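Novice: Top to bottom, those sequences are chains A and L. Here the first sequence stands for residues 1 to 137, where the numbers follow the numbering used here. Here the second sequence stands for residues 1 to 214, where the numbers follow the numbering used here.
If you are wondering where the hints come from, they were derived from the structure by calculation, not from laboratory data. In this text, all values refer to a predicted model and were calculated from it rather than measured experimentally. There may be inaccurate statements among the hints.
Unchecked claim - DEER-style ranges, computed between Cβ atoms:
no., chain 1, residue 1, chain 2, residue 2, range
1, L, Ser54, A, Pro22, 45 to 51 Å
2, L, Lys103, A, His72, 48 to 54 Å
3, A, Lys130, L, Gly107, 23 to 29 Å
4, L, Glu50, A, Thr24, 33 to 39 Å
5, L, Ala157, A, Leu135, 16 to 22 Å
6, L, Glu50, A, Glu123, 15 to 21 Å
To be verified - Okay, derived cross-link-like pairs now, DSS-like style, lysine-lysine, Cα gap no bigger than 30 Å in a straight line:
no., chain 1, residue 1, chain 2, residue 2
7, L, Lys197, A, Lys74
8, A, Lys125, L, Lys106
9, L, Lys172, A, Lys129
10, L, Lys106, A, Lys122
11, A, Lys74, L, Lys25
12, A, Lys137, L, Lys103
13, A, Lys122, L, Lys173
14, L, Lys101, L, Lys25
15, L, Lys83, L, Lys194
Glycine included, every Cβ here is placed at the ideal spot set by N, Cα and C.
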Amino acid sequence: MVAKKKSPQKKTLNGFAIQFIPYTEIKNLSSSERIKKILDLVFHNSILIIQGRLRPEEELRLTEDTMAMIGHVKNFKGIEIAIISPHENRSPMEKIKHTLATKLSGADLGAITIVGPVSVVKEIKQDPKKIELFLNK
Amino acid sequence: MVMESFKGFFKKVFSGVFKNKKDVKLGFYGPPNAGKTSLANRICKDFTGEEMGSVSKVPHETRHVQFKEKVEISYKGKTMMFKMIDTPGITTRVDYEEFLKYKVKKGDAKARAKEATQGIIESIKWLDDMDVVVVVLDSTENPYNQVNITIVGNLVARKIPVLVLANKSDLKKADIKGIQEAFPEYPVIGISAKYGKNLDEFYEHVFKLAKRVK
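The whole structure should be built from the sequences, with the hints applied where relevant.
Specialist: Structure (structure tokens):
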């Protein structure tokens, strides 16, 4: 008797896009508009790489709005988000410089924010120096 | 008889002086399954004899904000009155399929997920009402989770005193130093809510932070 050869399980990766958003694109948007823009793109399976970072209250609002949308948008189960800033362990002098630069530009332009839907992004592992993105198969 | 009258008199005067003092609203925040309810239960059990809520290995066991009023905590001869607020764990993802791994039925898992999302929104709404917040983290997990950073960042922006707890210090994989490195600007204490380890240091810090808001 010949053992039936097991066919390899087909695994497909959902289509997704990686989109870079320069800070200039969200600079003049209100908090609500920024969050709406992020979520609209995420709903369409885009992984966003955003120059800069949201304000703390915007990050929290993004979490709130994400929760509100789970169950309302088909197959949406949330987001993975990570922010990396090259100046995490700054000296006091560097902190002052950084605060001034942030105030002048209106944002922490040295930071990068990555946001993706959990249907595409399985996990984002983060430490102060790197971000590792694991995708769903 | 005279002593009794004196005692009664002083009690009346002092309770009158302090009755307007508000209880310190002590919030427990953090990601799901970090041990917020386990810690709140331990404190409540020690000082009131009653627990606050149920705990489970299944994430999002706490899906509504829970309170315990008038929890009088005594530490080294000092006492303070707290209103304890245990909150649902905050996360950016809720997938009912994760609950199925714990043998929760599909219908129950979906209902749990729905309640969990609403609980997270409720937790966030309550943030502004806190006097002192204890951020409870699982010391066996990577502390650089963006949700942890977002919670702490928002507390700082609201000028709410923060204490970071590295819970589950009894486990082999616990990395308290890692949490201290991730949050160098805040007091970080390693504890085990399950076994009541290092709670003295926790109370000491809570009293210090609570005095700032009194």
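Novice: Now tell me, hint by hint, if it's right for this structure.
Specialist: Structure-based check of each hint:
| no. | hint | verdict |
| --- | --- | --- |
| 1 | L/Ser54 / A/Pro22: 45 to 51 Å | holds, 48 Å |
| 2 | L/Lys103 / A/His72: 48 to 54 Å | violated, 28 Å |
| 3 | A/Lys130 / L/Gly107: 23 to 29 Å | violated, 41 Å |
| 4 | L/Glu50 / A/Thr24: 33 to 39 Å | violated, 56 Å |
| 5 | L/Ala157 / A/Leu135: 16 to 22 Å | violated, 33 Å |
| 6 | L/Glu50 / A/Glu123: 15 to 21 Å | violated, 38 Å |
| 7 | L/Lys197 / A/Lys74 | violated, 45 Å |
| 8 | A/Lys125 / L/Lys106 | holds, 29 Å |
| 9 | L/Lys172 / A/Lys129 | holds, 26 Å |
| 10 | L/Lys106 / A/Lys122 | holds, 21 Å |
| 11 | A/Lys74 / L/Lys25 | violated, 39 Å |
| 12 | A/Lys137 / L/Lys103 | holds, 24 Å |
| 13 | A/Lys122 / L/Lys173 | holds, 23 Å |
| 14 | L/Lys101 / L/Lys25 | violated, 36 Å |
| 15 | L/Lys83 / L/Lys194 | holds, 21 Å |
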